[in-house]
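Between the sequences and the hints, there should be enough to build the whole structure, so can you do that?
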Amino acid sequence: DAKTTQPDSMESTEGETVHLPCSHATISGNEYIYWYRQVPLQGPEYVTHGLQQNTTNSMAFLAIASDRKSSTLILPHVSLRDAAVYHCILRVYTGNYKYVFGAGTRLKVIA
Amino acid sequence: DPKIIQKPKYLVAVTGSEKILICEQYLGHNAMYWYRQSAKKPLEFMFSYSYQKLMDNQTASSRFQPQSSKKNHLDLQITALKPDDSATYFCASSQRSSNERLFFGHGTKLSVL
Numbered sequence: 009d010a011k012t013t014q015p016d017s018m019e020s021t022e023g024e025t026v027h028l029p030c031s032h033a034t035i036s037g038n039e040y041i042y043w044y045r046q047v048p049l050q051g052p053e054y055v056t057h058g059l060q061q062n063t064t065n066s067m068a069f070l071a072i073a074s075d076r077k078s079s080t081l082i083l084p085h086v087s088l089r090d091a092a093v094y095h096c097i098l099r100v101y102t103g104n105y106k107y108v109f110g111a112g113t114r115l116k117v118i119a
Numbered sequence: 367d368p369k370i371i372q373k374p375k376y377l378v379a380v381t382g383s384e385k386i387l388i389c390e391q392y393l394g395h396n397a398m399y400w401y402r403q404s405a406k407k408p409l410e411f412m413f414s415y416s417y418q419k420l421m422d423n424q425t426a427s428s429r430f431q432p433q434s435s436k437k438n439h440l441d442l443q444i445t446a447l448k449p450d451d452s453a454t455y456f457c458a459s460s461q462r463s464s465n466e467r468l469f470f471g472h473g474t475k476l477s478v479l
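Just so you know, the protein sequences line up as chains B and X, in that order. For what it's worth, the working numbering labels the leading residue of the first sequence as 9, then goes sequentially. For what it's worth, the working numbering labels the leading residue of the second sequence as 367, then goes sequentially.
Hints are computed from structural coordinates only; laboratory data are not their basis. C-beta atoms are modelled at their ideal positions from N, C-alpha and C, and glycine is treated no differently. All clues stand as given, with none of them false.
Residues on chain B that point at chain X, a partial pick, calculated with CB under 8 angstroms:
(1) Asn104
(2) Tyr107
(3) Phe109
(4) Gly110
Distance condition first, Cα-Cα at most 30 angstroms in a straight line; then the derived DSBU-like pairs of lysine-lysine:
(5) X/Lys475 with B/Lys11
(6) B/Lys77 with X/Lys406
(7) X/Lys407 with B/Lys11
(8) X/Lys369 with B/Lys106
(9) X/Lys375 with B/Lys106
(10) B/Lys106 with X/Lys385
(11) B/Lys106 with X/Lys419
(12) B/Lys106 with X/Lys475
Chain X is faced by these chain B residues, among others (derived, beta-carbon under 7 angstroms):
(13) Gln50
(14) Gly51
(15) Pro52
(16) Tyr54
(17) Lys106
(18) Ala111
The structure is reproduced here in structure tokens:
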């Protein structure tokens, strides 16, 4: 069962900064927060991940709440190519690592 | 230049038949996975393998059997196919570590008639 909650969809205009929220109220201390994105007819693509500290890379900035019960993926200056389903997932350890996907947030980008 | 190759990309099968989905990864990873995505549903974890050994199996049906002939191969055999098996099957791999990332293939879209 997915342990994260995300809005079904969001919409943005090209050039804007998008904040994609994710709630993970039951997160355990050793569970990493991962973000993937998926466009039609392709497999998910890694975006970023973190444990406690905020992280940044060429694709996005991940802001993790101090209590770790929520996180926000920040996409600066979105383009049409950023339109995708964004999955916020937890890497769960049950003797082995497992990534449990939810439905994700469908991000629509308007020109 | 895809580093995870899934074959075929599209597959049509008749009910009751058997098919094998192929997955090869050229990332040097030591763990491989199968996920399934049915229409308008989230990705569903099926299996994970590490060093060619089954680590986790979340598939209720024994009709789904992973097969690992080489370290970088993890095929998926599906027997007695049913229309409900229609889905896109994604293979993934990772190098096991605390900071690992999953890399996914493009998927095999299976349609069972």
